[in-house]
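Peer 1: Here the protein sequences line up with chains A and B, keeping their order. With the first sequence counted from 1, adding 36 to any position gets you the numbering used here. With the second sequence counted from 1, adding 12 to any position gets you the numbering used here.
Errors might be hidden in some of the hints.
As the list claims (entries may be wrong) - Taking lysine-lysine and the DSS-like style, the derived pairs with C-alpha atoms no more than 27 Å apart in a straight line are:
no.	chain 1	residue 1	chain 2	residue 2
1	B	K277	A	K94
2	A	K82	B	K258
3	A	K82	B	K316
4	B	K54	B	K334
5	A	K252	B	K277
6	A	K82	B	K334
7	B	K314	A	K252
8	A	K103	A	K298
9	B	K240	B	K105
10	B	K126	B	K109
11	B	K430	B	K221
12	B	K154	A	K82
13	B	K401	A	K252
14	B	K137	B	K158
15	B	K137	A	K103
16	A	K252	B	K321
17	B	K221	B	K414
18	B	K295	B	K137
19	B	K316	A	K252
20	B	K105	B	K154
21	B	K54	A	K252
22	B	K126	A	K94
23	B	K109	B	K295
24	B	K176	B	K163
25	B	K221	B	K401
26	A	K94	B	K321
27	B	K67	A	K103
28	B	K105	B	K401
29	A	K252	B	K163
Hints listed in this document are in silico derivations from the structure and should not be mistaken for laboratory results.
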Amino acid sequence: MNKKLVSNILFYVLVTGIALIVLFPFLWMLSSSFKTQVDIISWPPKLFFEPTLRNYQKVFEEQDFLKYFLNSTIVGVASVGFSLILGLPAAYSIARYAQKKLAVFILLARLMPGISFLVPWYIVFSRLDLMDSYVALILSHMLISLPIVVWIMTTYFNTIPREMEESAMVDGATRQYAFYAIILPLSGPGIITATTLSFIFSWNNFMFSQVLSMEKTKTLPIAVYNFLSYAEVDWGGVMAAAVAIMTPAIILTMVFQKYVVKGLTMGAVKG
Amino acid sequence: MRKLQVTALAVLSSLCLSTNAMAQTKEIRVLLANHPYGDLLKAAIPEFESATGIKVNAESLQEGQLTTKLTTEFATRSSSVDVFMTRPLQEGKMFYKNGWYEPLSSFDFSDYPKNVMSVASFGPKSYLVPLVTEWQVLYYRKDVFKDAGIKVPANFTELEAAAKKINSDSLAGFASRGKGAAAVTQLSSYVYNYGGLYLDNGVAVFDSKPAVEATRFYGKMLGNYGPKGVTSMSWENIMPLFQAGKVAMWTDASVFYGQIVDPAKTQVAAENVGIANFPAGPKMNSPFIVTSWGIAISKQSKNKELALKFLEWATSKELAAKGMLTNITMARSSVWEDKAILAKVNPGLVETRAYAAKNGNPLDRPYMSAVGEARDLIGELVIESINTKGESANLEKMAKEKVAKVNEMLQDTGEYGKQ
Chain A
37 MNKKLVSNIL FYVLVTGIAL IVLFPFLWML SSSFKTQVDI ISWPPKLFFE PTLRNYQKVF
97 EEQDFLKYFL NSTIVGVASV GFSLILGLPA AYSIARYAQK KLAVFILLAR LMPGISFLVP
157 WYIVFSRLDL MDSYVALILS HMLISLPIVV WIMTTYFNTI PREMEESAMV DGATRQYAFY
217 AIILPLSGPG IITATTLSFI FSWNNFMFSQ VLSMEKTKTL PIAVYNFLSY AEVDWGGVMA
277 AAVAIMTPAI ILTMVFQKYV VKGLTMGAVK G
Chain B
13 MRKLQVTALA VLSSLCLSTN AMAQTKEIRV LLANHPYGDL LKAAIPEFES ATGIKVNAES
73 LQEGQLTTKL TTEFATRSSS VDVFMTRPLQ EGKMFYKNGW YEPLSSFDFS DYPKNVMSVA
133 SFGPKSYLVP LVTEWQVLYY RKDVFKDAGI KVPANFTELE AAAKKINSDS LAGFASRGKG
193 AAAVTQLSSY VYNYGGLYLD NGVAVFDSKP AVEATRFYGK MLGNYGPKGV TSMSWENIMP
253 LFQAGKVAMW TDASVFYGQI VDPAKTQVAA ENVGIANFPA GPKMNSPFIV TSWGIAISKQ
313 SKNKELALKF LEWATSKELA AKGMLTNITM ARSSVWEDKA ILAKVNPGLV ETRAYAAKNG
373 NPLDRPYMSA VGEARDLIGE LVIESINTKG ESANLEKMAK EKVAKVNEML QDTGEYGKQ
């Protein structure tokens with residue numbers, strides 16, 4: 037009993053220690069977002085200070101971050117949605133017909149540095165008059181999310197026994213119907229993993245939006261730079277914007293975390 | 013009846029089309045930088061629109077993003093940008109060589125100082141209008157100087173003595189940028205004052221004796237009296253230290269003055285912050301005075317007349333005067349002669365500018381297309397020098413290697429040996 041207590045205490049001390057180290061930058065950011073510029077630069081850092089909401093005012097009133105939030109959400113949701121529509125059947129087909137080459141080909145798109153796509157894209161999109169449009173951004177972000185969906189789901193589908201859909205097909209279902217009615221409902225954790233991960237990657241993407249978006253479709257990671265001026269950095273504004281941007285991603289991760297872990301390990305162990 | 017409807021519709025739609033077409037020709041796209049003058053322009057654009065009927069689609073970007081965007085758009089020859097803010101020293105030569113600037117033949121440049129125009133012109137033609145200048149100064153703490161009983165250093169010997177006397181564990185005697193490439197611009201005035209140069213008529217010469225001596229002195233000062241970790245510090249790191257009262261002397265560009273005396277941003281009382289001319293070196297005193305920002309018309313613009321109209325408005329004397337009142341150090345000469353304006357500008361800025369405008373060097377970095385790569389190479393020398401407190405035995409050898417590499421770059425782009 038006593039031994040258990042000691043090991044319990046040790047465990048929590050260790051966990052708290054690790055958490056503090058890991059969370060330190062985050063806490064620093066959080067506290068700075070409520071500080072004035074003078075408090076941010078003061079040394080030694082002030083643990084107790086008079087909190088101010090001025091930085092958040094700048095983010096949401098002066099800078100119109102709600103618009104950028106909306107842009108990021110539209111692009112993220114649509115690109116992940118289309119990636120699921122295209123990627124789920126693709127992953128199923130790769131899993132069942134062992135289309136290894138196709139899978140590698142899709143992965144190649146992810147392995148190539150994104151910047152090598154930008155110039156051709158820019159030419160194509162500007163000729164089509166699609167610059168500063170959601171279409172261009174959504175298509176470009178699908179380059180990020182589609183391979184994630186395909187790769188996570190391929191390994192996931194491999195874990196579902198073939199007999200499941202075969203028995204449905206014996207009863208007269210087409211393969212398409214079996215996929216829709218039998219396989220998909222069994223794939224919840226995998227789909228959630230793929231969705232969460234690809235949404236976060238899209239949410240944080242900087243490079244594609246930087247070149248393909250302008251004022252109208254500017255996304256959040258680009259908008260943070262509004263606080264970096266020539267020879268001047270508004271640290272409080274940057275911190276508040278960073279907190280605002282991270283919050284949805286953190287909530288999303290916390291809600292779906294257990295599925296993500298499950299989905300990833302499923303693929304890892306049996307794939 | 014039906015026929016009438018159709019004709020009416022046709023007439024209506026053609027009317028719509030023609031007004032649309034008109035609206036389209038009266039529209040320009042402008043890319044501005046996140047810079048106080050860019051903000052000032054953006055706020056004033058509605059006035060321009062109502063006065064001229066030209067619709068302006070303006071977008072502000074952080075400087076790095078701005079360069080990336082301009083480069084991508086211009087390189088793919090599908091740009092819709094008409095007017096843009098540009099950094100002549102950083103990207104001017106590359107933009108000019110690629111033919112991205114439209115020559116400005118009808119613009120009146122008579123109000124701009126000669127050394128400022130030297131980076132706006134290539135051959136007989138000028139390609140951009142200088143907006144903002146900045147020059148190197150020495151910021152110092154008046155109260156610290158008073159307590160230590162020393163006067164403002166006027167040359168490098170006095171600078172070193174002052175730093176030595178003031179330096180303590182809690183207060184760095186001296187600071188300047190130490191982070192490789194970022195330090196190159198600040199090192200430039202030291203090199204000039206030792207009698208050296210980065211490039212001489214298109215040939216890299218920063219391995220000359222005076223240039224290496226200057227690099228050694230810079231490293232000695234920062235290595236001995238600089239803040240801890242100075243080799244990873246640029247202005248973003250040093251300014252907060254100065255504002256927190258951890259640095260007694262700081263050499264950097266004049267552009268930071270407003271922020272270090274602003275009580276909302278600094279812990280040091282404004283009356284304790286001093287600004288002085290950059291100290292003289294063994295050979296001369298020629299601190300940099302550079303055109304940090306200009307504005308230009310895109311060669312690919314399809315609305316060059318409207319673009320020129322905007323450019324002339326954006327560089328007007330009225331707006332320059334407005335900029336001066338918000339402490340933006342404008343490039344036009346006339347605003348620095350206008351007594352009514354000067355009365356409202358900080359005297360420290362007026363005095364140091366007068367000195368730099370007369371004696372300064374218009375370049376603060378190797379002026380070439382591959383400026384980024386060259387800065388990285390010189391930056392390695394700076395770091396080596398700081399790490400060894402200026403005593404590195406390898407510095408000459410390293411400088412020779414870097415010079416060879418920079419000369420190779422100059423040859424690659426055909427700039428070697430040319431002005």
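Peer 1: Now tell me, hint by hint, if it's right for this structure.
Peer 2: So, going through the hints one by one against the coordinates:
About 16 Å separates the Cα atoms of K277/B and K94/A, which keeps this hinted pair within 27 Å; it holds. The hinted pair formed by K82/A and K258/B meets the criterion: a straight-line CA distance of about 16 Å does not exceed 27 Å. Annotation: proposed proximity of K82/A to K316/B is violated, straight-line Cα distance about 54 Å (limit 27 Å). Pair hint K54/B plus K334/B holds up; C-alpha atoms about 13 Å apart against a cutoff of 27 Å.
The suggested pairing of K252/A with K277/B is violated, with an alpha-carbon distance near 32 Å, which exceeds 27 Å. For the given pair, K82/A sits about 38 Å from K334/B by alpha-carbon distance, which is inconsistent with the 27 Å threshold. For the proposed pair K314/B and K252/A, the alpha carbon gap of about 22 Å is at most 27 Å, so the pair holds. In summary, the hint linking K103/A to K298/A is not supported, as the alpha carbons are separated by about 35 Å, beyond the 27 Å threshold.
For a cut-off of 27 Å, the pair hint linking K240/B to K105/B is broken: about 36 Å separates their Cα positions. The straight-line distance between the Cα atoms of K126/B and K109/B is roughly 22 Å, inside the 27 Å bound, and the hint therefore holds. Proposed proximity of K430/B and K221/B is supported: the alpha carbons are some 23 Å apart, at most 27 Å. Our distance criterion of 27 Å between C-alpha atoms is met by K154/B and K82/A, whose separation comes to about 26 Å.
The straight-line distance between the Cα atoms of K401/B and K252/A is roughly 51 Å, outside the 27 Å bound, and the hint therefore fails. For the proposed pair K137/B and K158/B, the alpha carbon gap of about 51 Å is over 27 Å, so the pair is violated. Between K137/B and K103/A the alpha-carbon distance is near 43 Å, which puts this suggested pair outside the 27 Å criterion. Of the pairs offered as hints, the one joining K252/A and K321/B holds, with about 25 Å between alpha carbons and a cut-off of 27 Å not exceeded.
Between K221/B and K414/B the alpha-carbon distance is near 15 Å, which keeps this suggested pair within the 27 Å criterion. The straight-line distance between the Cα atoms of K295/B and K137/B is roughly 34 Å, outside the 27 Å bound, and the hint therefore fails. For a cut-off of 27 Å, the pair hint linking K316/B to K252/A stands: about 24 Å separates their Cα positions. Taking the CA atoms of K105/B and K154/B, the gap is about 41 Å. The hint is violated against a cut of 27 Å.
Between K54/B and K252/A the alpha-carbon distance is near 16 Å, which keeps this suggested pair within the 27 Å criterion. Between the alpha carbons of K126/B and K94/A the distance comes to roughly 41 Å, so the proposed pair goes past 27 Å and is violated. For the suggested pair K109/B and K295/B, the alpha carbons sit about 35 Å apart, so the restraint of at most 27 Å is broken. Of the supplied pair hints, the one linking K176/B and K163/B holds, its CA atoms being roughly 14 Å apart against a limit of 27 Å.
Pair hint K221/B plus K401/B holds up; C-alpha atoms about 18 Å apart against a cutoff of 27 Å. Distance check on the hinted pair: K94/A and K321/B sit about 33 Å apart at the alpha-carbon level, beyond 27 Å; violated. Proximity of K67/B to K103/A is assessed by CA-CA distance (about 22 Å); at most 27 Å being required, the pair is judged to hold. About 34 Å separates the Cα atoms of K105/B and K401/B, which puts this hinted pair outside 27 Å; it is violated.
The hinted pair formed by K252/A and K163/B fails the criterion: a straight-line CA distance of about 55 Å is larger than 27 Å.
Of the numbered hints given earlier, the model fails hints 3, 5, 6, 8, 9, 13, 14, 15, 18, 20, 22, 23, 26, 28 and 29; all others are met.
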